[in-house]
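Chains as they are written, first to last, in the working numbering: chain A, 1 to 266; chain B, 267 to 658; chain C, 659 to 945.
One or more of the hints may lead you astray.
[Claimed, not checked] Now the in silico label distances, taken between C-beta atoms and shown as ranges:
1) L252(A) with W400(B): 35 to 45 Å
2) V927(C) with V23(A): 22 to 32 Å
3) R791(C) with L145(A): 44 to 54 Å
[What the hints assert, rightly or not] Coverage of chain C stretches by chain B, computed from C-beta distances (three or more under 8 Å per stretch; other residues unrestricted):
4) 684-692
5) 762-774
6) 777-784
Bear in mind the hints are in silico, worked out from the structure with no lab data behind them.
Ideal placement from N, C-alpha and C gives every residue a C-beta, glycine not left out.
Residue-level listing of the chains:
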Amino acid sequence: MGTGRLYAAVAAGGFRRYATYRVATAAGVFTNTVFGFILAYTYIALWAEKPHLGGYDQAQALTYVWVGQAMFAVMVLGSNGFEAELMERIRTGDIAVDLYRPADLQAWWLAADTGRALFHLLGRGVAPMVCGALFFELALPTDPLTWIACLVAIALGTVVSFAIRYIVALWAFWLLDGAGAMQLTWLTGVFFSGMLLPLNVFPGALGEIARLLPWSALLQAPADVLVGEADPLGTFAFQATWAVVLLAAGRLVQSAATRRVVVQGG
Amino acid sequence: MGLNSTGTTGSTGSTGDISNTGYSGYSDGMDRHFIELDRVEKVFDVRKKTGFLRRERREVRAVDSISFTVARGEMVGYIGPNGAGKSTTIKMLTGILTPSGGRLRVAGIDPSRERTRLAHRIGVVFGQRTTLWWDLPLIDSYRLMHRMYRIPDARYRENLDRCVELLELADLLDVPVRQLSLGQRMRGDIAAALLHDPEVLYLDEPTIGLDVISKAKVREFLRDLNAERGTTVLLTTHDLQDIEQVCRRVMVIDHGRLVYDGPLAGLHEVGDSERTLVVDLERELPPIEAAPARVVKVEGPRQWLAFPASESAAPLVARIAAEYPLVDLSVREPDIEAVIATMYAEQAQYAKQTEFAKQTEFAKQTEYAEQAEYAEQADPARRPGEAEETVP
Amino acid sequence: MAETGRGPYGPYGSYGPYRRLRDGLRAYRLIAAMWIRSTMAYRASFAMTAFGNLAATSFDFVAILLMFSQVDELGGYTLPEIAFLYGVVGVAFGLTDLMIGSMDRLGSRVRDGTLDTLLVRPAPVLAQVAADRFALRRLGRIAQGLFVLGYAIAVLDIDWTPLKVLMVPMMVLSGGLVFGAVFVAGGAFQFVAQDAAEVQNSFTYGGSTLLQYPPTVFAKDLVRGVTFVLPLAFVNWVPALYVLGRPYPLDLPTWVAFAPPLVAAGCCVLAGLAWRAGLRSYRSTGS
Chain A
1 MGTGRLYAAV
11 AAGGFRRYAT
21 YRVATAAGVF
31 TNTVFGFILA
41 YTYIALWAEK
51 PHLGGYDQAQ
61 ALTYVWVGQA
71 MFAVMVLGSN
81 GFEAELMERI
91 RTGDIAVDLY
101 RPADLQAWWL
111 AADTGRALFH
121 LLGRGVAPMV
131 CGALFFELAL
141 PTDPLTWIAC
151 LVAIALGTVV
161 SFAIRYIVAL
171 WAFWLLDGAG
181 AMQLTWLTGV
191 FFSGMLLPLN
201 VFPGALGEIA
211 RLLPWSALLQ
221 APADVLVGEA
231 DPLGTFAFQA
241 TWAVVLLAAG
251 RLVQSAATRR
261 VVVQGG
Chain B
267 MGLNSTGTTG
277 STGSTGDISN
287 TGYSGYSDGM
297 DRHFIELDRV
307 EKVFDVRKKT
317 GFLRRERREV
327 RAVDSISFTV
337 ARGEMVGYIG
347 PNGAGKSTTI
357 KMLTGILTPS
367 GGRLRVAGID
377 PSRERTRLAH
387 RIGVVFGQRT
397 TLWWDLPLID
407 SYRLMHRMYR
417 IPDARYRENL
427 DRCVELLELA
437 DLLDVPVRQL
447 SLGQRMRGDI
457 AAALLHDPEV
467 LYLDEPTIGL
477 DVISKAKVRE
487 FLRDLNAERG
497 TTVLLTTHDL
507 QDIEQVCRRV
517 MVIDHGRLVY
527 DGPLAGLHEV
537 GDSERTLVVD
547 LERELPPIEA
557 APARVVKVEG
567 PRQWLAFPAS
577 ESAAPLVARI
587 AAEYPLVDLS
597 VREPDIEAVI
607 ATMYAEQAQY
617 AKQTEFAKQT
627 EFAKQTEYAE
637 QAEYAEQADP
647 ARRPGEAEET
657 VP
Chain C
659 MAETGRGPYG
669 PYGSYGPYRR
679 LRDGLRAYRL
689 IAAMWIRSTM
699 AYRASFAMTA
709 FGNLAATSFD
719 FVAILLMFSQ
729 VDELGGYTLP
739 EIAFLYGVVG
749 VAFGLTDLMI
759 GSMDRLGSRV
769 RDGTLDTLLV
779 RPAPVLAQVA
789 ADRFALRRLG
799 RIAQGLFVLG
809 YAIAVLDIDW
819 TPLKVLMVPM
829 MVLSGGLVFG
839 AVFVAGGAFQ
849 FVAQDAAEVQ
859 NSFTYGGSTL
869 LQYPPTVFAK
879 DLVRGVTFVL
889 PLAFVNWVPA
899 LYVLGRPYPL
909 DLPTWVAFAP
919 PLVAAGCCVL
929 AGLAWRAGLR
939 SYRSTGS
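One chain only, chain A, in its complex shape (with noise of 0.2 Å):
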């Protein structure tokens, strides 16, 4: 009964946590716009090269970079979200309190993931998309129902990527430097996530393969959805799926780290 209100005050929390910062929120989307104009030079250079590139326009192309730069911070695809405070709270063993809560783990730290993501899609995400359009020619839908569509793959979005994230904290309670595994799960989401370049101009076998990891749920499925390249109900079964999977997997993977607190007594 109190659970949904309990979770609602976290997630509060995890939104005001970020909204505190102001001035480092907007020198993020001043880093944001700067690499998105960057980028949307080379991607324009690319397309004059060789048009439909991908199956994308110029104008898809150019939209999906300044998705991407929106996504950055939302989807954690250049820094740290909750994971290193969690493994912190893993190295030091404050997470054996944790674990006494009445509330669930998984469920506190995602309800706490979600207001960050929400703080910084309105905070870092809208500025350098309107800055894109204002600049460049996008390719942006007319039809609302386009964009509530990509609001809901951006959502799902963001629960694949807190379930990546998880289950990569979690290993901390096997390692002793968790620093190592971050770093692993970072180098492999930028470039999975098509945040390098887009998945569909991906050579290939790679390109296919990549499509089909999780971390295409990130970027590629609500940009390919707000440009209109992809159905939508078949992109939120496919990023669905992968949420689903992955929270479980999360959740046997704290199973386990919790008998291993219990069985070290805490």
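Dock chains B and C against chain A, hints included.
Chains B and C only, in chain A's frame:
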């Protein structure tokens, strides 16, 4: 208990001959005005949000026309509530901050203009921020000091040996700093600040968070340092015992102004503060009668007696022990914040009447106090509790 | 507000610039050595992060390779030509990143007050901040830059003259100084805005990304901006296009290709002034 500096003779006073610091070229005047502040002020512009996108700019006088001098070899406590301007003053004295006005000299150097030159002559210990290298053995931090301050090898070795011995660091030198306890780390930090023979040592809350034994060690070390080397010590603290056991002179700052400068006993008088004697008797008895102390609380066989902080506890204890069946007793010091609060309340009232006159008078008095009293006061046999007539 | 008088020798008294430079370099060396020893306390972690740094910094070139898996030219440039541009900026930026890459931590040092502990040391603050968190893992960026540069030089069909050969190290060193100036100016800005480390990143990391591509890719106004306003173009574009025998998209005289050292010196002077202004404002406001 008094300030017994173990086995040292001679004066630690301002005019004493401090042979091992090697600055014999300085005149007496220089020694007497080793640290000199003349109407120093620090004004900050604070921007406060008053609404959406609206900010109000306000000037805050963190330090408001403070004047004092400290003679070479003095040990001075600098106290005041949080945000009173203590750390701003320390930051100006160390050259971190530039004063907005007034004149400031440390060892004849203008700290803000010749920060790096001054750095060779001062040592700084920040109580809550270690300057030691977290992941490296303690000795590595000292080796860095050795080279960064260009300390001659023999001198470094001698100073290190001394610090290691007096601060009991021998077993810790090869331990990574992150594994040291808070007290060990503080001792390590103090040693690091002294390897280059600074003439003045600033300590910002040096005993904060330490256990009783560590506190005692730190205080004892500071007394020895002052006695043997004539190092001038200026410390900020929240712990009245730091002052009582280390400093002969205390300065109180509040709202950016110097509100008291004199011996600690005088501060108690000014603040009308009281110490508390907690007495455990063998059995429940009617309230003890022992003027000037008065019973403020009785709880079974335990009684609380308040007595003026300026009074010595010894005769009182002797009398009670003679007349009552005593099991145990302890003395509780007045809370520093409370002392300052009472004192400041009185000051404020007083100040309303003669604002300007008081300030000028005050400045004069502090200078007097500095010149006359402290040279004498340096006599280690003298109790801080029995000091002379005092200011306001 | 009365600045307490400034003596005849400027704000540092008789403590001359030569001695400050010497002291600064010495302090830098001492502190950097301490950081190296600190990281070596965790060898496994060091190996992992060094590899991670190499992989992460190689990603930019991977993106270019992926592009060239689909096209033969980009902005009229071939892969080896772009690799040349990439290699030069990679090594130049890598050197700067290695030397003073932690300047962006200045803001957090201001916030948590640890900057004060540097101000009571007998060494210039800039040197101490520059050496902060010195990390050998950053050699990864230089290594991949050198690798790509080596590939480009091996494959490219350039008429190498002694002058052109000399221009390669000249570009790398001047480029490193230009980036260094940006790092220092960015650090100075953090005295004012402590949370603005990202702004600095967008000029340093963003700038190096920009320079990995040929100038023909970008809008003329952007190229003008990085040539005349924030002269990043002198890191590689202007001199490298001379080496490659390519025309610069803006109308510049040929001798400009040899100007990077001058530009770098100018940038360093400006950055030094910005740093002094920033430090002065910190010391007068303490925030």
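Structure-based check of all given hints:
no., hint, result
1, L252(A) with W400(B): 35 to 45 Å, "holds (37 Å)"
2, V927(C) with V23(A): 22 to 32 Å, "holds (28 Å)"
3, R791(C) with L145(A): 44 to 54 Å, "holds (50 Å)"
4, 684-692, "holds (count 4)"
5, 762-774, "holds (count 3)"
6, 777-784, "holds (count 6)"
Comparing the model with each numbered hint stated earlier shows that all of them hold.
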